[in-house]
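S.K.: Chains as they are written, first to last, in the working numbering: chain A, 1 to 338; chain B, 1 to 338.
Worth flagging that the hints you see were computed from the coordinates, not collected in a lab. Mixed in with the good hints there might be a few duds.
Pairs involving identical chains hold if they fit within one copy or between any two copies, as the list cannot separate such chains.
[Said to hold, decoys possible] Below, computed lysine-lysine pairings styled on PhoX-like, alpha-carbon distance capped at 20 Å:
| no. | residue 1 | residue 2 |
| --- | --- | --- |
| 1 | Lys76 | Lys52 |
| 2 | Lys29 | Lys143 |
| 3 | Lys124 | Lys29 |
| 4 | Lys52 | Lys124 |
| 5 | Lys124 | Lys165 |
| 6 | Lys143 | Lys201 |
| 7 | Lys52 | Lys259 |
This structure is a prediction, so every number in the text was calculated from the model and none was measured.
2 protein chains.
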Amino acid sequence: MATTSHQHQPTPERFFNVMHAFQQTEALKSAIELELFTAIAEGNVTSAEIAKRCAAADRGVRILCDFLVIQGFLTKEGESYGLAPDSAVFLDRHSPAYVGGAVEFLLAPRVLECHAHLTEAVRKGGTALGEGNLEAENPVWVKFARAMMPLMYMPAQVMAAELRKGGEVCKVLDVAAGHGIFGISVAQLNPSAQIYASDWKNVLEVAKQNAEAMGVGDRHHLIPGSAFESDFGGGYDLVLITNFLHHFDVPSCTTFLRKVRASMNPGGRAAIVELVPNSDRVTPPTAAAFSMIMLTTTPAGDAYTFTEIESMSKDAGFSRVELAPAQIGLDRLVIAYR
Amino acid sequence: MATTSHQHQPTPERFFNVMHAFQQTEALKSAIELELFTAIAEGNVTSAEIAKRCAAADRGVRILCDFLVIQGFLTKEGESYGLAPDSAVFLDRHSPAYVGGAVEFLLAPRVLECHAHLTEAVRKGGTALGEGNLEAENPVWVKFARAMMPLMYMPAQVMAAELRKGGEVCKVLDVAAGHGIFGISVAQLNPSAQIYASDWKNVLEVAKQNAEAMGVGDRHHLIPGSAFESDFGGGYDLVLITNFLHHFDVPSCTTFLRKVRASMNPGGRAAIVELVPNSDRVTPPTAAAFSMIMLTTTPAGDAYTFTEIESMSKDAGFSRVELAPAQIGLDRLVIAYR
Chain A
1 MATTSHQHQP TPERFFNVMH AFQQTEALKS AIELELFTAI AEGNVTSAEI
51 AKRCAAADRG VRILCDFLVI QGFLTKEGES YGLAPDSAVF LDRHSPAYVG
101 GAVEFLLAPR VLECHAHLTE AVRKGGTALG EGNLEAENPV WVKFARAMMP
151 LMYMPAQVMA AELRKGGEVC KVLDVAAGHG IFGISVAQLN PSAQIYASDW
201 KNVLEVAKQN AEAMGVGDRH HLIPGSAFES DFGGGYDLVL ITNFLHHFDV
251 PSCTTFLRKV RASMNPGGRA AIVELVPNSD RVTPPTAAAF SMIMLTTTPA
301 GDAYTFTEIE SMSKDAGFSR VELAPAQIGL DRLVIAYR
Chain B
1 MATTSHQHQP TPERFFNVMH AFQQTEALKS AIELELFTAI AEGNVTSAEI
51 AKRCAAADRG VRILCDFLVI QGFLTKEGES YGLAPDSAVF LDRHSPAYVG
101 GAVEFLLAPR VLECHAHLTE AVRKGGTALG EGNLEAENPV WVKFARAMMP
151 LMYMPAQVMA AELRKGGEVC KVLDVAAGHG IFGISVAQLN PSAQIYASDW
201 KNVLEVAKQN AEAMGVGDRH HLIPGSAFES DFGGGYDLVL ITNFLHHFDV
251 PSCTTFLRKV RASMNPGGRA AIVELVPNSD RVTPPTAAAF SMIMLTTTPA
301 GDAYTFTEIE SMSKDAGFSR VELAPAQIGL DRLVIAYR
């Protein structure tokens with residue numbers, strides 16, 4: 001071991017840090033549970049003040065806050081902590097865009113159990129646990145619908161505005177509607193639009209509640225059951241397929257898109273909203289890494305590239321497929337024209 | 001919602017990614033279990049080749065490899081994967097510096113259980129589970145001693161070389177020796193040095209085996225028991241206190257350092273090896289984040305700044321304390337002069 005070479009020695013630092021990456025998740029979860037971000041938003045800025053507000057120990061809060069500074073959620077000036085801009089918007093319970101509740105879905109026990117069997121999933125090429133998250137009427141999707149709405153509110157607004165540029169729509173199908181916010185947002189921007197929301201019966205109750213709360217309940221209709229098996233009817237100007245295709249393999253997606261196309265009016269559009277990695281499958285990081293979640297929680301789902309979505313859409317009979325320039329939250333919008 | 005402002009809209013991307021940070025840990029753990037890095041080192045570069053070598057599914061391997069590219073462990077050119085330089089050194093089972101076994105300690109069930117109770121630890125200001133990792137004769141330290149040696153081999157060599165600059169040593173105390181590699185490295189660079197290794201009896205068996213395997217067994221002596229209670233004897237030129245102080249609070253560290261100083265020759269040095277954050281406690285990230293591990297796994301331990309280590313050393317009677325410039329792996333070396 002040359003004593004002069006240690007400045008350039010290889011380092012196991014990445015290994016060490018990634019071995020502990022799970023602590024980032026736990027720290028964020030704990031901070032949300034303790035309402036730490038909310039405490040800071042309320043004006044508590046030293047560890048002692050925050051500790052008092054959160055009914056926690058000064059030392060524990062100091063270490064957690066420093067950790068959250070390292071991860072970019074907080075700022076630190078001297079002994080005072082502050083909220084990073086995104087934390088102020090999304091993690092303060094008093095903020096209308098508060099997303100802390102998404103923990104309930106993102107870290108649901110079933111999801112964690114799927115991830116804990118990653119090695120088996122890699123060996124098998126799909127979730128180690130049966131159908132993963134995809135069982136019929138799986139209550140995790142009710143959790144999803146309730147927990148993810150705040151996270152999807154702004155993206156849904158952006159998507160609806162982007163689609164509105166292509167003209168007003170009258171009849172809209174919202175596939176795997178979940179919280180319903182994508183269809184609801186379209187209804188808000190298209191005053192005569194009638195929205196038909198498809199999802200499991202238990203999930204649609206959440207969508208219906210949201211549609212009523214947001215003033216479009218009278219234009220919001222339900223199609224309960226599997227999206228693959230339900231009768232969608234026809235005459236749609238617009239079909240919203242948001243964060244749905246990634247759960248299935250290419251043949252299933254193609255079959256499904258063919259069913260969708262058959263339900264559409266001439267001139268109709270399918271709006272496919274997905275985390276879309278580039279063709280290299282490793283950029284951009286958030287979209288590309290999403291593939292891992294599909295490996296552990298679905299039998300054969302994936303994060304599809306634009307080329308793959310284009311190809312399955314064309315195989316399903318769509319004439320033209322384009323990638324909209326706007327970022328829809330973490331997603332992209334692909335528009336397939338009948 | 002202004003449709004023109006979405007380019008600058010706040011983003012929950014950090015929230016979303018940190019909610020999933022635990023997957024980084026699981027992906028790395030699975031890749032080690034599957035010997036994926038070793039497979040690539042052996043010349044398997046496509047997902048099909050790697051899948052065959054790892055007895056896994058092509059699709060599972062492709063998704064895992066892409067994920068590891070995103071995390072910086074692998075490279076990707078077209079459809080071919082390669083090892084990032086640090087992965088080649090530390091994660092290929094055929095490499096002498098292979099550290100994959102460290103998973104056994106870093107992700108030991110007791111450690112994970114401690115971390116899973118983070119919210120309680122923050123409320124309490126220390127581990128939620130009794131003494132955390134600090135019970136007497138805790139078998140986790142045998143695991144530590146066996147699993148962490150490869151990770152500490154190079155840092156120990158660097159430390160021994162750095163200390164050798166200060167002159168040859170004859171009698172050396174190695175506190176909480178664990179795998180023993182710090183004392184062994186000093187023995188290798190100081191041909192007449194006698195090493196006295198202190199640790200729990202069960203742990204010292206590992207240190208002894210390593211000392212014998214590395215040719216210094218005849219100069220390696222054991223002091224079994226608690227470092228706070230054992231009789232160290234006296235006449236030490238050098239006392240190694242490696243990754244030990246962070247488990248305890250400041251008064252305990254000061255008391256311990258006083259005991260150490262009393263065992264030393266005039267002119268003797270204490271070599272304190274620690275993850276040392278800057279005074280802001282949030283940089284550098286790896287050292288600063290280490291504080292979180294101490295919060296969850298010890299009653300009152302911490303990652304101490306140089307100022308804190310200097311202060312406790314001086315309170316214990318040391319005359320001069322300096323921070324050596326060299327990086328000792330992820331650690332820094334603080335030398336306290338009697």
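S.K.: None of the hints should be skipped; say for each whether it holds.
M.R.: For each hint, the structure was consulted:
In this assembly of identical chains, Lys76 and Lys52 lie within 20 Å of each other by CA distance solely inside one copy; the values are 19 Å within and 49 Å between copies. Taking CA atoms no more than 20 Å apart as the test, Lys29 paired with Lys143 passes inside one copy only; the shortest distance there is 17 Å, against 29 Å between copies. For the homomeric pair Lys124 and Lys29, the shortest alpha-carbon distance between copies (17 Å) is at most 20 Å, but the shortest distance inside one copy (30 Å) is not. Proximity of Lys52 to Lys124 under the C-alpha cut-off of 20 Å is restricted to the inter-copy arrangement: shortest distance 12 Å between copies versus 49 Å within a copy.
In this assembly of identical chains, the alpha carbons of Lys124 and Lys165 never lie at most 20 Å apart, being 44 Å within a copy and 55 Å across copies at closest. When the C-alpha separation of Lys143 and Lys201 is checked against a cutoff of 20 Å, the pair qualifies only within one copy, where the shortest distance is 13 Å, while the shortest distance between copies is 50 Å. Proximity of Lys52 to Lys259 under the C-alpha cut-off of 20 Å is found in neither arrangement, the shortest distances being 57 Å within a copy and 37 Å between copies.
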